[in-house]
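*Asks:* Work out the full structure: start from the sequences and follow the hints.
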Amino acid sequence: MTAPGPGGRRPGRGPDDDPRPTVRPTRVRDVAAIAVVAALLGNILVQLTYGSLPTLPVAAAVVVAVLAAAEAAGGVVLRRRIERRNGAVPVPPLVAARAVLLAKASAVGGAVVAGLWVGVLMHTLPRAAVVVAAFRDSVVAGVGVVSALLLVCAAFWLEHCCRSPDDPDDTDGGIRAG
Numbered sequence: 004m005t006a007p008g009p010g011g012r013r014p015g016r017g018p019d020d021d022p023r024p025t026v027r028p029t030r031v032r033d034v035a036a037i038a039v040v041a042a043l044l045g046n047i048l049v050q051l052t053y054g055s056l057p058t059l060p061v062a063a064a065v066v067v068a069v070l071a072a073a074e075a076a077g078g079v080v081l082r083r084r085i086e087r088r089n090g091a092v093p094v095p096p097l098v099a100a101r102a103v104l105l106a107k108a109s110a111v112g113g114a115v116v117a118g119l120w121v122g123v124l125m126h127t128l129p130r131a132a133v134v135v136a137a138f139r140d141s142v143v144a145g146v147g148v149v150s151a152l153l154l155v156c157a158a159f160w161l162e163h164c165c166r167s168p169d170d171p172d173d174t175d176g177g178i179r180a181g
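4 is the number of the first residue of the sequence shown in the working numbering; add one for each residue after it.
Hints in this document: simulated from the structure, not taken from any laboratory. Beta carbons are placed, not taken as given, at the ideal position from N, Cα and C, and that holds for glycine. Possibly wrong hints are sitting among the right ones.
[What the hints assert, rightly or not] For lysine to any residue, the following SDA-like pairs were computed, each having C-alpha atoms within a straight-line distance of at most 25 Å:
(1) Lys-107 x Val-31
(2) Lys-107 x Gln-50
(3) Lys-107 x Val-79
(4) Lys-107 x Arg-27
(5) Lys-107 x Ala-35
(6) Lys-107 x Leu-51
(7) Lys-107 x Leu-81
(8) Lys-107 x Ala-63
(9) Lys-107 x Phe-138
(10) Lys-107 x Gly-77
(11) Lys-107 x Ile-85
(12) Lys-107 x Tyr-53
(13) Lys-107 x Ser-167
(14) Lys-107 x Pro-28
(15) Lys-107 x Leu-56
(16) Lys-107 x Leu-70
(17) Lys-107 x Ala-62
(18) Lys-107 x Gly-90
[Stated by the list, open to error] Simulated DEER-style distance windows between Cβ atoms:
(19) Leu-44 x Pro-93: 42 to 48 Å
(20) Ala-132 x Pro-168: 51 to 57 Å
(21) Leu-44 x Arg-139: 32 to 38 Å
(22) Ser-167 x Val-134: 21 to 27 Å
(23) Val-135 x Cys-156: 28 to 34 Å
(24) Glu-86 x Ala-108: 39 to 45 Å
(25) Ala-62 x Val-135: 45 to 51 Å
(26) Pro-95 x Val-39: 36 to 42 Å
(27) Ala-108 x Leu-44: 15 to 21 Å
(28) Glu-86 x Ile-47: 23 to 29 Å
(29) Arg-101 x Val-134: 44 to 50 Å
(30) Val-40 x Cys-156: 29 to 35 Å
(31) Tyr-53 x Pro-168: 46 to 52 Å
(32) Thr-25 x Ala-63: 33 to 39 Å
*Replies:* Spelled out as structure tokens, the structure:
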């Protein structure tokens, strides 16, 4: 066994062999799987309780769209600061890390909300032609699905904006070829 070299690394180990954990980009398939599970559970829940549920509020669907818009706008501002456009103040690393954490949480949260709204749609849409309340709830659920998908897209955008400009294009899901 050879002694560690400068910086505590063993000879022959490159920077890609770093054993420390790294933050990987959020994968679309993981978010989609979360949405599918939430849709199935949401549909079961709605089937069991729809008769006792109050009218679904439009505000519940619209609030998620407002969050998506704020997150997308934050991504644009953060990206300009990371790239230091027009002499922008650099972003402290902790702020960028918090933004990535927000993006990952928003992607999962948006997937859960989208799945739940799809679960509502699966129950109300077939009844919308006959029951007035089901029609209204279908419209609200449709707005909710769109809003939640916008939040997921904004989360992916924010995560993309947090990448360092000198990082290579991450097309391999965070795994570097060795």
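*Asks:* It remains to establish, for every hint, whether it holds in the given structure.
*Replies:* Results for each hint:
As the CA atoms of Lys-107 and Val-31 are separated by approximately 11 Å, the hinted pair is consistent with the 25 Å bound. A threshold of 25 Å between alpha carbons decides the hint, and for Lys-107 with Gln-50 the separation of about 30 Å lies outside it, so the pair is violated. Using a Cα cut-off of 25 Å, the hinted pair Lys-107 and Val-79 holds, with the two alpha carbons roughly 17 Å apart. In summary, the hint linking Lys-107 to Arg-27 is supported, as the alpha carbons are separated by about 10 Å, within the 25 Å threshold.
In summary, the hint linking Lys-107 to Ala-35 is supported, as the alpha carbons are separated by about 13 Å, within the 25 Å threshold. A distance of roughly 31 Å separates the Cα atoms of Lys-107 and Leu-51; the hinted pair therefore is violated under the 25 Å criterion. Taking the CA atoms of Lys-107 and Leu-81, the gap is near 16 Å; set against the 25 Å cutoff, the hint holds. Between Lys-107 and Ala-63, the direct Cα distance comes to roughly 21 Å. Compliance with the 25 Å bound is thereby established for this hinted pair.
For a cut-off of 25 Å, the pair hint linking Lys-107 to Phe-138 is broken: about 33 Å separates their Cα positions. At most 25 Å may separate the alpha-carbon atoms for a hinted pair to count; Lys-107 and Gly-77 meet this at roughly 14 Å. Taking the CA atoms of Lys-107 and Ile-85, the gap is about 19 Å. The hint holds against a cut of 25 Å. Taken as a hint, the Lys-107 and Tyr-53 pair is broken in the structure, with Cα atoms around 31 Å apart against an allowance of 25 Å.
Distance restraint check for Lys-107 and Ser-167: the Cα-Cα separation of roughly 17 Å lies within the 25 Å cut-off, and the hinted pair is therefore satisfied. As the CA atoms of Lys-107 and Pro-28 are separated by approximately 8 Å, the hinted pair is consistent with the 25 Å bound. With a C-alpha separation of about 31 Å, the suggested pairing of Lys-107 with Leu-56 is violated against the 25 Å cut-off. As the CA atoms of Lys-107 and Leu-70 are separated by approximately 14 Å, the hinted pair is consistent with the 25 Å bound.
Among the hinted pairs, Lys-107 with Ala-62 is consistent with the structure: their alpha-carbon atoms are about 24 Å apart, no more than 25 Å. Taking the CA atoms of Lys-107 and Gly-90, the gap is about 29 Å. The hint is violated against a cut of 25 Å. Between Leu-44 and Pro-93 the C-beta distance comes to about 43 Å, which sits within the given range of 42 to 48 Å. The hinted window of 51 to 57 Å between Ala-132 and Pro-168 holds, with their beta carbons roughly 53 Å apart.
One distance hint, 32 to 38 Å for the beta-carbon pair Leu-44 and Arg-139, is violated here, with the actual separation near 23 Å. Ser-167 and Val-134 have their C-beta atoms about 53 Å apart, which leaves the hinted 21 to 27 Å range violated. The hint said 28 to 34 Å for the Cβ distance between Val-135 and Cys-156, and at roughly 32 Å that hint holds. For the pair Glu-86 and Ala-108, the supplied restraint of 39 to 45 Å is violated, since their beta-carbon distance comes to about 24 Å.
Checked against the given bound of 45 to 51 Å, the beta carbons of Ala-62 and Val-135, roughly 20 Å apart, lie outside it. Distance hint check: the CB atoms of Pro-95 and Val-39 are about 37 Å apart, consistent with the given range 36 to 42 Å. Between Ala-108 and Leu-44 the beta carbon distance is about 19 Å. The supplied range of 15 to 21 Å therefore holds. Between Glu-86 and Ile-47 the C-beta distance comes to about 46 Å, which lies outside the given range of 23 to 29 Å.
The hinted window of 44 to 50 Å between Arg-101 and Val-134 holds, with their beta carbons roughly 45 Å apart. The hinted window of 29 to 35 Å between Val-40 and Cys-156 is violated, with their beta carbons roughly 20 Å apart. Between Tyr-53 and Pro-168 the Cβ separation comes to about 50 Å, which falls inside the hinted range of 46 to 52 Å. At roughly 36 Å, the beta-carbon separation of Thr-25 and Ala-63 lies within the given 33 to 39 Å, and the hint holds.
In summary, the numbered hints that this structure violates are 2, 6, 9, 12, 15, 18, 21, 22, 24, 25, 28 and 30.
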